[in-house]
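Listed below, chain by chain, are the residues.
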Amino acid sequence: MELQGRVDEVRKTGMGLAVIIYDPVPVLAEFSARRGISFPLLSDEGSNTIKRYGILNTTVPETNAAFGYPFPGTFIVNREGIVTARFFEQEYQERNTISSVLVRLGGSVQGPTTNISAPQIDITSSVTDTAAASGTRFSLVLDITPGPRIHVYAPGVKGYKPIVLTIEPQPGVVVREAHYPESELYYFEPLDERVPVFQRPFRILQDVMLDPSRAGQAALSGTTSLTIRATLNYQACDDRICYMPQSLPLTWTIAVKPLDRERVKR
Amino acid sequence: MPFFILLAAVVASAEPPQRGGPPVAAAPDVTRLGPQVGDKVPDFTLPDQDGRPRSLASLMGDKGLVLVFNRSADW
Chain A
1 MELQGRVDEV
11 RKTGMGLAVI
21 IYDPVPVLAE
31 FSARRGISFP
41 LLSDEGSNTI
51 KRYGILNTTV
61 PETNAAFGYP
71 FPGTFIVNRE
81 GIVTARFFEQ
91 EYQERNTISS
101 VLVRLGGSVQ
111 GPTTNISAPQ
121 IDITSSVTDT
131 AAASGTRFSL
141 VLDITPGPRI
151 HVYAPGVKGY
161 KPIVLTIEPQ
171 PGVVVREAHY
181 PESELYYFEP
191 LDERVPVFQR
201 PFRILQDVML
211 DPSRAGQAAL
221 SGTTSLTIRA
231 TLNYQACDDR
241 ICYMPQSLPL
251 TWTIAVKPLD
261 RERVKR
Chain B
1 MPFFILLAAV
11 VASAEPPQRG
21 GPPVAAAPDV
31 TRLGPQVGDK
41 VPDFTLPDQD
51 GRPRSLASLM
61 GDKGLVLVFN
71 RSADW
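Just so you know, the sequences run in chain order A and B. With the numbering used here, the residue at position 59 of the first sequence is 59, and numbering never jumps. With the numbering used here, the residue at position 57 of the second sequence is 57, and numbering never jumps.
Worth flagging that the hints you see were computed from the coordinates, not collected in a lab. Among these hints, one or two may not hold up.
To be verified - In silico BS3-like links for lysine-lysine, alpha-carbon gap of 30 angstroms or less:
#1 B:K63 x A:K51
#2 B:K63 x A:K161
#3 A:K161 x A:K12
#4 A:K51 x B:K40
#5 B:K40 x A:K257
Just so it is clear, the structure is predicted and the values come from calculations on it, not from any experiment.
Just chain A, with the same shape it has in the complex (with noise of 0.2 angstroms):
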């Protein structure tokens, strides 16, 4: 289980931290045991508290012996008890890695950071995770810091060339969303116009997942290292000139772990 690695910095949040399984207290307790689990796992025997969250898994027969496991997700809560984030994927094989889903509620990024001097702007490049098996869906991270009086466009604008990033197609690769911040609204004088930029240091998250298909893992059969190569698109102006558009390749590496394959002992 990814999480276990992961409990510092879940805990840094100032967040508890629980699984439901609907595995028995013993599988649970072996199952914790042999991983060194430090968190709770909650036995949701019967599924019962799976079926009031309403999110029992109904594609599979009640005659099959796996029924009454859940549609897997994540809720982030209040001290209330209200919800303020989820997380659920589409694909029952996708998950989305508790650093990725910390990133996305403001975290910083764990692990390796690479410094890129580009025109006009600073960027730093990160990954939520360095390695990943089939189904994980994780986040590359671009921190970028506009230098001096320096803006560059967002998604959205019109007559400028947005800042953009495009992950170059691999198979094996699944691109998911990403997920720009709010811009701000620049005034250009001379033109009496209003435009939405970045104008402040801001992160782009983009979401990949290793392609938990058939096809996806033997596009990944046998491969330790994955590279995934990217462009970086963006113009940058100043408040009385813009510059030339660029276009910067990025690529980040993560390691292709096997799939967990390992089950309870009996």
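Fit chain B to the known structure of chain A by using the hints.
Only chain B this time, still in chain A's reference frame:
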């Protein structure tokens, strides 16, 4: 040789056990299932791996709770 290729394909699939036959319903839009942002989640009391009963309140940190639903520890 084809036998081994077939075996590898079976091992490589991460699908849940399907001993009971094919799925009975089309997959719903999971983003619409369960409590949404702004909704209150149902309380519960469930035993943890040590057999101790845990309620929602007992799991809360100062800032709230990351509540994960997983498939199974067993497959």
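Distance restraint between K51 (chain A) and K40 (chain B), which requires alpha-carbon spacing of 30 angstroms or less: holds (15 angstroms)
K161 (chain A) paired with K12 (chain A) [C-alpha distance capped at 30 angstroms]: Violated, because 38 angstroms separates the two Cα atoms, which is more than 30 angstroms.
Hint consistency between K63 (chain B) and K161 (chain A) [alpha-carbon to alpha-carbon, up to 30 angstroms]: violated (40 angstroms)
Holds or violated: K63 (chain B) to K51 (chain A), with C-alpha atoms at most 30 angstroms apart: Distance of about 26 angstroms is within 30 angstroms: holds.
Holds or violated: K40 (chain B) to K257 (chain A), with C-alpha atoms at most 30 angstroms apart: Measuring from Cα to Cα gives roughly 37 angstroms; hence the hint is violated.
Of the numbered hints stated above, those contradicted by the structure are hints 2, 3 and 5, listed in ascending order.
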